[in-house]
Amino acid sequence: MKRYSVFAVARQALSNHQGWERAWRNATPKKRYDVVIVGAGGHGLATAYYLGKNFGITNVAVIEKGWLGGGNTGRNTTIIRSNYLQDPSAAIYEKSRSLYETMSQDLNYNVMYSPRGVLMLAQTEHEVRGYRRTANANALQGVDTEFVSPKRVKEIVPIINLDGPRYPVLGGLWQARAGTARHDAVAWGYARACSDMGIDIIQKCEVTGVRRDGDRVTGVDTTKGQIDCDKLGILVAGHSGHLAGMAGFRLPIESVALQALVSEPIKPIMDCVVMANTVHGYMSQSDKGEMVIGGGADGYNNYTQRGSFHHIEETVRALVETFPMVSRLKMLRQWGGIVDMTGDRSPILSKTPVEGVFINCGWGTGGFKAIPGSGWGFAELMARGTSPLCDEFSLGRFREGRFIDESVAAGVAH
Amino acid sequence: MLTIQCPHCGVQAEETELSPGGEAHLSRFGPGSEDQDFEAYLFFRENPKGVHFERWRHVHGCGKWFHAARCTVTMEVFGTYSAQTTEPPKALRDKISEKRPGWTWRDIA
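Chains as they are written, first to last, in the UniProt record's numbering: chain E, 1 to 414; chain V, 1 to 109.
Hints were generated in silico from the structure; no laboratory data involved. Hints are supplied without guarantee of correctness; some may be wrong.
[To be verified] Capping the alpha-carbon separation at 25 Å, the derived lysine-lysine pairs in DSS-like fashion look like this:
id : chain 1 : residue 1 : chain 2 : residue 2
1  : E       : K330      : E       : K288
2  : V       : K99       : E       : K204
3  : V       : K49       : E       : K351
4  : E       : K65       : V       : K95
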């Protein structure tokens, strides 16, 4: 792999940029791998990368039904934060956030990480108490957040309307180190680094069955033939239930649609991410100037990658109340992704009833921020069978009642 | 836009008039049941890519619960029926078989 640098750009300029090599190899599958990862989204590629980097396991294939990073990795609103209430969540999301800080250097790929700060508005007394509690919990967990006054909120986001008709702003939970990154670049950067280590990335290859010898996995059937493996990692978000069915076990997961939309590009008006969870809308401004907007998930099972129009209406209504100036913005495009929701709104990173099969799913509406931390922990789980970042997120927690209840902590899906 | 006909009042209701109630025909387990049954009742769900049976409530209408058969890929609603039953009516299952040959849902087909 030729390193990207300012000198490389200068050198290539002399040859009209005709000499750049492909960022990753388009591999054809071998007969057998030590590890097969299903799903070349952010989580799958990050897992493969840390298997290679931290554990020296490079006889790995990442297989993908569509194209690399073409699922929810390329469909999210790119927010990165770690201000969670529960200890296991804070640990994995904070690990993730800290890995994002140095990711561009680690991967030699500019992921445009921008620690611009995330502000979560408190608009009811209940939320004020909740976020004060979260700020205290974060202080104990070593996550840098603070509860700020309405005056400070106005300083951070001058365009905000503090005295909204329904829900005035009573304060906010501010995480200055949180921010955004270029979502596609995260997938591309990991793919390039994986390919460089000799890991095969196989696109347009759909898994059609999971091969078992008794209770042990022996490989997968794909549209490009049979591939044998010792260990199988399933990281397919909304389609996890489908894959688990092939392997022969069930998951506590339902897939629903979550939508986002983007406005026409305008001059800089907001240099951080603002989330308003009571009225259900959040917004940030991309480097191109577009306002990137998200809201709540749909309430019923859905695999169509588009959601209900009334959710967009609710989200936009919330934002117009909070930021009156956006009322005249035109929206450019809208899309949906299929998110995998668990009962306690926390992910599953776990061994499964089938020996050798590992599952990483259930990130619901907040998977992008977790990509590096999830990959780091899940690679450790797959290599060693245990990981301090993952063990609390086991599949067994639903039977044992050890929920990591972020739905109660946040009051919304997030 | 998803519209579903309420089998009670006959209104072709738009989805903002309705409230989704999750998977239909769950077997309920309570105190004294086995851990794995209780877990499955509380958390494990069919999550089919295709034919699905669900509970809905006509919340901004007649207020009654009912069941619907819907495709989660195309959003096609195959039909609705009363909630006072433990399995989908035969006529509806036949209708689905015509449109989606080979479909399965739990042990119903």
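| Hints the structure fails to honour | 2, 4
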